[in-house]
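Engineer: One-letter residues, chain by chain:
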Amino acid sequence: MKQRSKSKSILFKVVVYSVCLLLAILSVLPFWVMFVNATRDTYQIQQTALSLIPSTHLMDNIKILLGKTFDPMKGLTNSMIVSVSSTLLTIYFSALTAYALVAYNWKLRSPFFTFILAVMMIPAQVSVIGFYQFMYKIGMTNNFLALILPSVAAPAAVFFMRQFMLASLPLELIEASRIDGASEFYTFNKIVLPIMKPAMATQAIFTFVSSWNSLFLPLVLLTDNDKYTMPIMVSLLRGDIYKTEYGAVYLGLALTVLPLFIAYFLLSRYIIEGVALGGVKG
Amino acid sequence: MKQKRNVSYAKYGYIFSLPFIIVFAIFSLYPIIYTGVIGFTDYKGLGTTTWHFLDEPFKNFVTILNNGSFRQALKNTFIIWTLNFIPQILMALLLTAWFTSRRNKVRGKGFFKVLFYMPNIITAASIAILFYALFSYPVGPVNSLLMQFGIIDKPVYFLVSKANARAIVAFIQFWMWYGYTMLILTSGVMGINPEIYEAAEIDGTSGIQTFFYITLPNLKTILLYVLITSMIGGLNMFDIPKLFMQGGPDNSTLTTSVFIYNQAFSGSYLYNRAAAASMIMFVIIAIFSGILFYVMRDKSEIEIKKEAKRAKKERMRLLEEQEAAQ
Chain L
0 MKQRSKSKSI
10 LFKVVVYSVC
20 LLLAILSVLP
30 FWVMFVNATR
40 DTYQIQQTAL
50 SLIPSTHLMD
60 NIKILLGKTF
70 DPMKGLTNSM
80 IVSVSSTLLT
90 IYFSALTAYA
100 LVAYNWKLRS
110 PFFTFILAVM
120 MIPAQVSVIG
130 FYQFMYKIGM
140 TNNFLALILP
150 SVAAPAAVFF
160 MRQFMLASLP
170 LELIEASRID
180 GASEFYTFNK
190 IVLPIMKPAM
200 ATQAIFTFVS
210 SWNSLFLPLV
220 LLTDNDKYTM
230 PIMVSLLRGD
240 IYKTEYGAVY
250 LGLALTVLPL
260 FIAYFLLSRY
270 IIEGVALGGV
280 KG
Chain G
0 MKQKRNVSYA
10 KYGYIFSLPF
20 IIVFAIFSLY
30 PIIYTGVIGF
40 TDYKGLGTTT
50 WHFLDEPFKN
60 FVTILNNGSF
70 RQALKNTFII
80 WTLNFIPQIL
90 MALLLTAWFT
100 SRRNKVRGKG
110 FFKVLFYMPN
120 IITAASIAIL
130 FYALFSYPVG
140 PVNSLLMQFG
150 IIDKPVYFLV
160 SKANARAIVA
170 FIQFWMWYGY
180 TMLILTSGVM
190 GINPEIYEAA
200 EIDGTSGIQT
210 FFYITLPNLK
220 TILLYVLITS
230 MIGGLNMFDI
240 PKLFMQGGPD
250 NSTLTTSVFI
260 YNQAFSGSYL
270 YNRAAAASMI
280 MFVIIAIFSG
290 ILFYVMRDKS
300 EIEIKKEAKR
310 AKKERMRLLE
320 EQEAAQ
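So the sequence lines, in the order shown, correspond to chains L and G.
Residue numbers are given in numbering that gives the first Met the number 0: position 145 of the first sequence equals residue 144, and the series is strictly consecutive.
Residue numbers are given in numbering that gives the first Met the number 0: position 234 of the second sequence equals residue 233, and the series is strictly consecutive.
I should point out that these hints are in silico values taken from the structure, not numbers from a laboratory.
All values reported here derive from a predicted model rather than from experimental measurement.
Virtual Cβ for every residue (Gly too), placed ideally from N, Cα, C.
Do not take every clue at face value.
Each computed DSS-like pair below joins lysine-lysine, with the alpha-carbon atoms no more than 25 Å apart [as the list claims (entries may be wrong)]: (1) L/12 / G/104; (2) G/305 / L/106; (3) L/242 / G/161; (4) L/7 / G/104; (5) G/10 / G/308; (6) L/5 / G/104; (7) L/62 / L/242; (8) G/10 / G/312; (9) L/67 / L/242; (10) L/106 / G/311; (11) L/189 / G/10; (12) G/219 / G/108; (13) G/308 / L/106; (14) L/242 / L/226; (15) L/62 / L/136; (16) G/219 / L/7; (17) L/106 / G/10; (18) L/136 / G/43; (19) G/58 / G/43; (20) L/106 / G/312; (21) G/58 / G/74; (22) G/153 / L/242; (23) G/108 / L/12; (24) G/312 / L/5.
Each pair of labels, with its calculated beta carbon distance range [as the list claims (entries may be wrong)]: (25) G/245 / L/137: 30 to 36 Å; (26) L/167 / G/29: 32 to 38 Å; (27) G/290 / L/53: 48 to 54 Å; (28) G/198 / L/180: 52 to 58 Å; (29) L/258 / G/137: 29 to 35 Å; (30) G/101 / L/192: 37 to 43 Å; (31) G/77 / L/53: 39 to 45 Å; (32) L/57 / G/217: 47 to 53 Å; (33) G/189 / L/58: 34 to 40 Å; (34) L/24 / G/283: 36 to 42 Å.
Just a few of them, taken from the derived set where beta-carbon distance is under 7 Å, the chain G residues facing chain L [to be verified]: (35) 18; (36) 34; (37) 37; (38) 103; (39) 186; (40) 235.
Model the full structure from these sequences, guided by the hints.
Structural biologist: As structure tokens, this is what we get:
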């Protein structure tokens with residue numbers, strides 16, 4: 000009996016590890032091919048497209064890539080401006096809104112929370128025509144503010160912060176601060192925000208990543224080459240000008256995902272925890 | 000005295016929500032309403048600023064609903080979503096069962112989780128173009144791989160076939176999202192009371208029985224959450240189909256989002272038709288989130304009440320303490 004369950008458990012492990020290993024390869028291989036092909040020239044790629052060993056043509060590919068419209072530095076800078084500002088606005092104002100929902104007993108509190116839950120799922124695609132026309136009329140297309148300012152109202156982030164606050168913000172602390180004569184705004188900034196740090200860090204990662212990766216709204220709003228964010232830059236690689244420059248295309252892709260890879264492997268523990276914690280899609 | 004304190008602090012609830020409310024009203028609510036209005040007008044053409052309401056108010060909606068491409072887009076969205084979701088949820092459930100198995104601890108869980116989730120955070124635009132390059136013909140990494148393993152003996156031109164193009168888009172979606180779904184489900188299992196499992200173990204249930212009779216029923220709400228958010232996400236699918244094959248070949252990977260984009264921001268800039276399509280999408284999404292909302296609401300309301308009770312108790316206690324101190 001015991002023998003049987005032991006052999007069964009070995010079989011279980013063999014199956015589990017083979018499937019997991021296969022999936023792991025599936026996760027890594029496309030990116031591996033991308034990084035390797037970024038160092039190979041068009042001739043090599045046309046001979047054998049699949050190679051696991053890097054070659055020596057990285058510099059040539061860089062020259063080809065940068066010789067055309069693709070400008071990774073510009074994309075990087077623009078994406079940085081948009082993503083960093085959006086992230087800062089989202090985490091600060093989401094914490095503030097969540098605080099209003101948790102710490103104060105106001106008449107419309109419950110309807111307001113219901114409203115936040117209701118609008119959490121509305122995607123940009125639904126309002127894009129009105130949004131574009133509105134921005135066009137006030138001359139804000141090609142203006143990063145059109146992408147940054149809306150981050151003040153991030154329903155999903157408010158929901159996440161509220162859940163965290165309910166669990167870990169002791170209301171006595173606020174009372175104590177009031178007794179000490181601190182203003183409500185001061186209490187929020189100096190006492191509540193430091194307690195919210197873990198939730199803000201998690202939310203910051205997800206807001207940053209989703210803003211960095213966002214293609215739809217920037218593609219609609221930004222028509223000026225100088226304003227292109229990274230995902231729009233990437234879309235240029237699909238165009239005719241890089242049609243035969245395989246190595247350069249792979250290199251361009253590699254450059255766009257490299258910062259994300261670095262960030263992911265540095266922060267993976269928190270990211271994995273954050274996904275499990277929030278259950279909220281970014 | 001207590002009464003007075005409540006009244007004087009309540010206003011901060013409004014003040015602190017104000018930035019959210021103002022920005023939401025300007026950048027989300029107004030554009031949605033405006034989009035709805037445009038759906039009833041003759042607004043089209045790049046740079047046009049004037050528009051008029053149509054004599055037949057629902058003309059754009061009728062046109063869109065009878066539009067072959069829009070119907071095709073709805074159909075594609077449904078096909079691609081189904082092709083991606085069924086394997087995704089099955090794979091996620093399987094991995095969840097393995098990773099949370101109490102009898103057979105899987106080593107390296109953390110490592111696998113990191114790798115499985117990885118594609119989810121990488122820019123979808125880059126992934127779409129990467130897969131386009133990987134599947135290229137006649138020489139491409141996927142063709143080389145399949146030929147090396149002897150699965151095919153001459154290169155396949157994957158991207159000309161409608162079925163293949165859809166399958167690849169569905170695969171990319173699956174590949175990007177099963178790790179996320181698995182993480183959500185495993186965290187759901189962690190939330191199940193361990194005593195139930197202990198009781199089951201004493202009763203001698205097998206691992207498979209435990210999964211089907213304890214884990215799965217307890218994950219019902221989370222599974223519904225995953226299903227509905229994935230459906231909404233599926234409807235919004237844009238980056239991958241747009242950049243992978245531009246909706247082609249022959250509109251086979253045209254999704255509703257790509258359709259809206261193409262109508263409004265290319266060709267003859269039919270803002271009114273795109274707006275009508277947006278509103279149709281909005282209705283579908285509203286129905287989905289209504290269901291989700293209904294299921295999730297009860298829980299949070301109970302939570303609010305509980306929390307209000309606790310806060311009240313806490314205030315009473317503090318008051319008493321204060322009074323005692325005086």
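Engineer: All the hints need checking, so say for each whether the structure fits it.
Structural biologist: Here's how the hints hold up against the structure:
At most 25 Å may separate the alpha-carbon atoms for a hinted pair to count; residue 12 of chain L and residue 104 of chain G meet this at roughly 9 Å. Between the alpha carbons of residue 305 of chain G and residue 106 of chain L the distance comes to roughly 17 Å, so the proposed pair stays at or under 25 Å and holds. For the given pair, residue 242 of chain L sits about 22 Å from residue 161 of chain G by alpha-carbon distance, which is consistent with the 25 Å threshold. With a C-alpha separation of about 14 Å, the suggested pairing of residue 7 of chain L with residue 104 of chain G holds against the 25 Å cut-off.
Proximity of residue 10 of chain G to residue 308 of chain G is assessed by CA-CA distance (about 20 Å); at most 25 Å being required, the pair is judged to hold. Between residue 5 of chain L and residue 104 of chain G, the direct Cα distance comes to roughly 13 Å. Compliance with the 25 Å bound is thereby established for this hinted pair. Restraint check for residue 62 of chain L and residue 242 of chain L: satisfied, since their Cα atoms lie roughly 16 Å apart, inside the 25 Å limit. Our distance criterion of 25 Å between C-alpha atoms is met by residue 10 of chain G and residue 312 of chain G, whose separation comes to about 22 Å.
The straight-line distance between the Cα atoms of residue 67 of chain L and residue 242 of chain L is roughly 12 Å, inside the 25 Å bound, and the hint therefore holds. Taken as a hint, the residue 106 of chain L and residue 311 of chain G pair is honoured in the structure, with Cα atoms around 16 Å apart against an allowance of 25 Å. Restraint check for residue 189 of chain L and residue 10 of chain G: the C-alpha separation of about 20 Å stays at or below 25 Å, so the hint holds. About 24 Å separates the Cα atoms of residue 219 of chain G and residue 108 of chain G, which keeps this hinted pair within 25 Å; it holds.
Taking the CA atoms of residue 308 of chain G and residue 106 of chain L, the gap is about 16 Å. The hint holds against a cut of 25 Å. With a CA separation close to 24 Å, the supplied pair residue 242 of chain L and residue 226 of chain L stays within the 25 Å bound. About 40 Å separates the Cα atoms of residue 62 of chain L and residue 136 of chain L, which puts this hinted pair outside 25 Å; it is violated. Distance hint between residue 219 of chain G and residue 7 of chain L is unfulfilled; the C-alpha atoms sit about 29 Å from each other, more than 25 Å.
Our distance criterion of 25 Å between C-alpha atoms is met by residue 106 of chain L and residue 10 of chain G, whose separation comes to about 10 Å. Simply put, residue 136 of chain L and residue 43 of chain G have alpha-carbon atoms about 14 Å apart, close enough for the 25 Å limit, and the pair holds. Note on residue 58 of chain G and residue 43 of chain G: the hinted pairing holds, with a Cα-Cα distance of about 14 Å set against a maximum of 25 Å. With a C-alpha separation of about 19 Å, the suggested pair residue 106 of chain L and residue 312 of chain G falls inside the 25 Å cut-off, and the hint holds.
Among the hinted pairs, residue 58 of chain G with residue 74 of chain G is consistent with the structure: their alpha-carbon atoms are about 22 Å apart, no more than 25 Å. A hinted pair counts as satisfied when its Cα atoms are at most 25 Å apart, and residue 153 of chain G with residue 242 of chain L qualifies at roughly 23 Å. For the given pair, residue 108 of chain G sits about 13 Å from residue 12 of chain L by alpha-carbon distance, which is consistent with the 25 Å threshold. Taking the CA atoms of residue 312 of chain G and residue 5 of chain L, the gap is near 55 Å; set against the 25 Å cutoff, the hint is violated.
Taking 30 to 36 Å as the suggested C-beta distance range, the pair residue 245 of chain G and residue 137 of chain L conforms, at roughly 31 Å. Checking the proposed 32 to 38 Å range against residue 167 of chain L and residue 29 of chain G shows it holds: the Cβ atoms sit about 35 Å from each other. Hint check: residue 290 of chain G to residue 53 of chain L, Cβ distance near 50 Å, so the stated range 48 to 54 Å holds. For residue 198 of chain G and residue 180 of chain L, the hinted distance range of 52 to 58 Å is satisfied, since their beta carbons lie about 54 Å from each other.
Taken as a hint, the range 29 to 35 Å holds for the pair residue 258 of chain L and residue 137 of chain G, whose Cβ atoms sit roughly 33 Å apart. Evaluation of the 37 to 43 Å hint for residue 101 of chain G and residue 192 of chain L yields a pass: the beta carbon distance comes to about 40 Å. For the pair residue 77 of chain G and residue 53 of chain L, the supplied restraint of 39 to 45 Å holds, since their beta-carbon distance comes to about 42 Å. The hinted range of 47 to 53 Å is satisfied by residue 57 of chain L and residue 217 of chain G, whose Cβ atoms lie roughly 52 Å apart.
Against the hinted window of 34 to 40 Å, the Cβ-Cβ separation of residue 189 of chain G and residue 58 of chain L comes to about 49 Å, which falls outside the hint. Range check, residue 24 of chain L to residue 283 of chain G: Cβ separation about 37 Å, and the 36 to 42 Å hint holds. The interface hint given for residue 18 of chain G holds, since its Cβ lies 5 Å from the closest Cβ of chain L, which is under the 7 Å cut-off. Annotation: residue 34 of chain G was flagged as interfacial toward chain L, and the flag holds, the nearest CB pair being 4 Å apart, inside 7 Å.
Here the hint on residue 37 of chain G is kept, as its CB sits about 6 Å from the closest CB of chain L, short of 7 Å. Given hint, residue 103 of chain G at the interface with chain L, holds; its Cβ is 5 Å from that chain's nearest Cβ, closer than 7 Å. The beta carbon of residue 186 of chain G comes within 3 Å of a beta carbon in chain L, closer than 7 Å, and the hint placing it at the interface holds. The restraint placing residue 235 of chain G at the interface with chain L holds, with a minimum CB-CB distance near 4 Å, inside the 7 Å limit.
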